[in-house]
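Student: Here the protein sequences come in this chain order: A and B.
According to the numbering used here, the first sequence is numbered sequentially starting from 1.
According to the numbering used here, the second sequence is numbered sequentially starting from 1001.
Because the hints were derived from the structure by calculation, they are not lab data.
Treat the hints loosely; a few may be bogus.
[Said to hold, decoys possible] Chain A side only, calculated, beta carbon under 8 Å to chain B, not exhaustive:
id	residue
1	Arg92
2	Ala151
3	Phe156
[As the list claims (entries may be wrong)] A few chain B positions that, by computed beta-carbon distances, are all more than 10 Å from chain A:
id	residue
4	Val1026
5	Leu1027
6	Pro1089
7	Ala1112
8	Arg1157
9	Leu1167
10	Thr1201
These numbers were taken from a predicted model, which means no experiment stands behind them.
Backbone N, C-alpha and C fix where the C-beta goes; we use that ideal spot for every residue, glycine too.
Next come the chains, spelled out residue by residue.
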Amino acid sequence: MSVDTVKQPNWFSRLAHPGQFLNWTRHVVWPLAGATVVAFVVGLWFAFLNSPEDYQMGDMVRVMYVHVPNAWLSQAVYGVMFCAALGTLVWRHPLADVANKAAAPLGAVFTTLALYTGALWGRPTWGTFWEWDGRMTSTLVLLLIYLGIIALWRAFDDQLKAGRIVAIVTLVGALNIPIIKFSVDWWNTLHQPASVFTAEGPRMPASILTPLLAMMLAFTLLFALLQIVRMRTEILRRRADSLSRQAALQGGAK
Amino acid sequence: MKAFQALISRDLKLAFRAGGEAMTLVLFFIMVGVIVPFAIGPDRPQLTRLAPGIVWIAAFLSMLLGLDRLFRSDDEDGSLVLLRHSVLPLEAVVAAKVIAHWLVTALPLLFATPVLALLLSMSWEQWGRTVLALLIGTPALVSFGALGAAVTVGLRRGGLIAPVLILPLCIPIMIFGVGMLDPMAGGGATLFLIALSLVVTAFSPLAAALALRAAGE
């Protein structure tokens, strides 16, 4: 009995089947790539050509159009991983651990970019690349958590077992992130009063908000695209692994 | 309850009869404290200022060093499989092992703190606060350590992964633990540290047991 002759299950189980996932995402990848390119073109056009300079920061304000989307994704990707971890532990969804594995390096990259662009922005406006400010510190800790999860993924040979264990770590990390954020804020206000961050800048007018939202959309689409491509690659890689294992088994039996 | 106590006393006997690991850990704890003045200079006022942080870092490193033994040896000789099928739920087994591990690795460090206090020229009052902070904070460190050890128990190369995983999670304990020693901070840090320690100690056996089950499947 092949997959095609079985009665079609409901959408959730269909989503759970890696083969079905490969089928429907095949038609999604290219349109999504197109949408990402369009969103980036529009967003960059707004960001570089059609938005005003800040009256204090001048052209430096344009770093924001890259920095804020990356900072948003650094947290959103962990949200995706959290949902994937729930999927692994609660439903044993076969795609959930694939999603977790695919998202972790993406999250690490977006978090690194957020810190990097933040440093580039901080140097001319605050006069320093790094400040032990609450938000920067908790982003750094988030990066360390991402890197730990990636290291854990790489340490396991058995990917199915790894999926469940990484899911537990992801959940514990998710519960801890608010505590870390809170404690770091507490620590920072204790040790140094706000002195550098008084310049809040003007409230956001529409001329800045439009390019910002466009860039956030563009980066989010980019994440969705990379996530789907990485999940497809991971499924295909596992399939190739199991095929080569089968081949080795048959070769050994001869 | 009887099984719970039996498990604790078993772990204690194992720790004290074989290897003398507790003493080695205390030695390491003191050595970290001894080595720091060589790195930052023997300036006594500066050492006094940095002493609580140094003691915390020494305690932190000692905990990380000891945690690989928590489940590893039981996994290797097969007793972890037996424990999974014992009358105790696995969560209680983990809790018992956490208590035993704390008694073996954290409590001796507290008795060694006067040596560090002397070497780092801490005042008596500062020393008292540090011991209190360590007393409150170390159960949380051990609990996070148990989680890290449970997650990496199936890995042959897990020794380095566990510290990397739990260090970021331990940052709040460090912050409030050292914050407790700051006379400007008031009682807030103490309460936060107590709350954090209670929550972590209560929940980590659940997560660690889940990880042990997943690893044993």
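Student: Would leucine 1027(B) pass as off the interface with chain A, using Cβ distances and a cut of 10 Å?
Tutor: 29 Å, holds
Student: Would the least Cβ to Cβ distance between arginine 1157(B) and chain A come out above 10 Å?
Tutor: With a cut-off of 10 Å, arginine 1157(B) comes too close to chain A, as the shortest Cβ separation is near 6 Å.
Student: Proline 1089(B): least C-beta distance to chain A exceeds 10 Å?
Tutor: The claim holds: proline 1089(B) sits with its nearest Cβ about 17 Å from chain A, beyond 10 Å.
Student: Given phenylalanine 156(A) was flagged as interface, is its beta-carbon under 8 Å from a beta-carbon of chain B?
Tutor: 7 Å, holds
Student: In terms of Cβ atoms, is chain A entirely out of 10 Å range of valine 1026(B)?
Tutor: 28 Å, holds
Student: A cut-off of 10 Å on Cβ-Cβ distance, and leucine 1167(B) was said to be off the interface with chain A. Does that hold?
Tutor: 7 Å, violated
Student: Decide, holds or violated, for the assertion that all CB atoms of chain A are farther than 10 Å from the CB of threonine 1201(B).
Tutor: 14 Å, holds
Student: Let's test the interface hint: is any C-beta of chain B closer than 8 Å to that of arginine 92(A)?
Tutor: 11 Å, violated
Student: Confirm or reject: alanine 1112(B) is not an interface residue toward chain A, with every Cβ-Cβ distance exceeding 10 Å.
Tutor: The assertion about alanine 1112(B) holds, with a minimum of 27 Å to chain A.
Student: Does the interface hint hold: is alanine 151(A) within less than 8 Å of chain B, judged Cβ to Cβ?
Tutor: 6 Å, holds
Checked against the numbered hints above, the structure violates hints 1, 8, 9; every other hint is satisfied.
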